[in-house]
Amino acid sequence: MHARLSLKSQGNANEQTWRAKARAREGRGEREERFRVDEKANETRASETYLHRKCLKQHWGIYDLAAFCLSIFFFTFFSHVACELLLLSLFSPRCNRSIMFVRELILLLFLFLLFSFVNCVSLISDTFVSSFRVRSKKA
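Counting in the UniProt record's numbering, the sequence shown tops out at residue 139, every number present.
Quick caveat, the hints were computed from the structure, so don't treat them as lab data.
A portion of the hints provided could be inaccurate.
What follows is a set of in silico ranges between Cβ atoms, one per label pair, in the way DEER data are often shown [what the hints assert, rightly or not]:
1) SER79 - SER122: 15 to 25 Å
2) PHE112 - LEU88: 14 to 24 Å
3) PHE73 - ASP126: 14 to 24 Å
4) HIS80 - VAL121: 26 to 36 Å
5) HIS80 - PHE115: 10 to 20 Å
6) PHE73 - LEU105: 16 to 26 Å
The C-beta atom is built at its ideal place from N, Cα and C for all residues, glycine as well.
Please build the complete structure, drawing on both the sequences and the hints.
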């Protein structure tokens with residue numbers, strides 16, 4: 001009788017050990033599954049961040065292009081006006097002070113727009129160079 005109880009308790013102990021091992025395996029599986037889910041979430045988050053940055057870069061690229069076009073327009077318009085006023089003031093017999101003031105003001109504006117034009121060109125070239133570097137690193 002004692003041997004029977006001993007075998008029964010040993011069987012219970014084996015069964016408990018087996019159940020504990022099964023629970024541990026399930027726990028490991030759950031942890032591995034959780035890890036896979038977390039890994040997928042991190043990948044998704046990383047790709048969303050990449051897409052967001054890419055969209056921002058494209059968005060600012062459009063603004064850069066608009067600024068570039070506007071600076072070309074203002075550059076050509078004010079350079080034309082400045083040249084006209086310069087020619088008028090050089091070839092007119094009487095030079096009025098107000099005309100001189102307006103001419104100098106337009107020339108200053110022309111220089112400012114030239115400076116902004118150069119800045120826009122450098123900004124756009126930097127954008128193209130950085131996007132080319134990103135593409136070459138991926139390849």
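How the hints compare with the structure:
Checked against the hint of 15 to 25 Å, the C-beta distance between SER79 and SER122 comes to roughly 20 Å, which is consistent with it. Taken as a hint, the range 14 to 24 Å holds for the pair PHE112 and LEU88, whose Cβ atoms sit roughly 22 Å apart. Checked against the given bound of 14 to 24 Å, the beta carbons of PHE73 and ASP126, roughly 22 Å apart, stay inside it. Here the CB-CB span from HIS80 to VAL121 is close to 20 Å, at odds with the stated 26 to 36 Å.
Taking the beta carbon of each, HIS80 and PHE115 are about 18 Å apart, inside 10 to 20 Å as hinted. In this structure the hint that PHE73 and LEU105 lie 16 to 26 Å apart at CB holds, the actual value being about 19 Å.
Hint 4 from the earlier list is the only one contradicted by this structure; the remaining hints agree with it.
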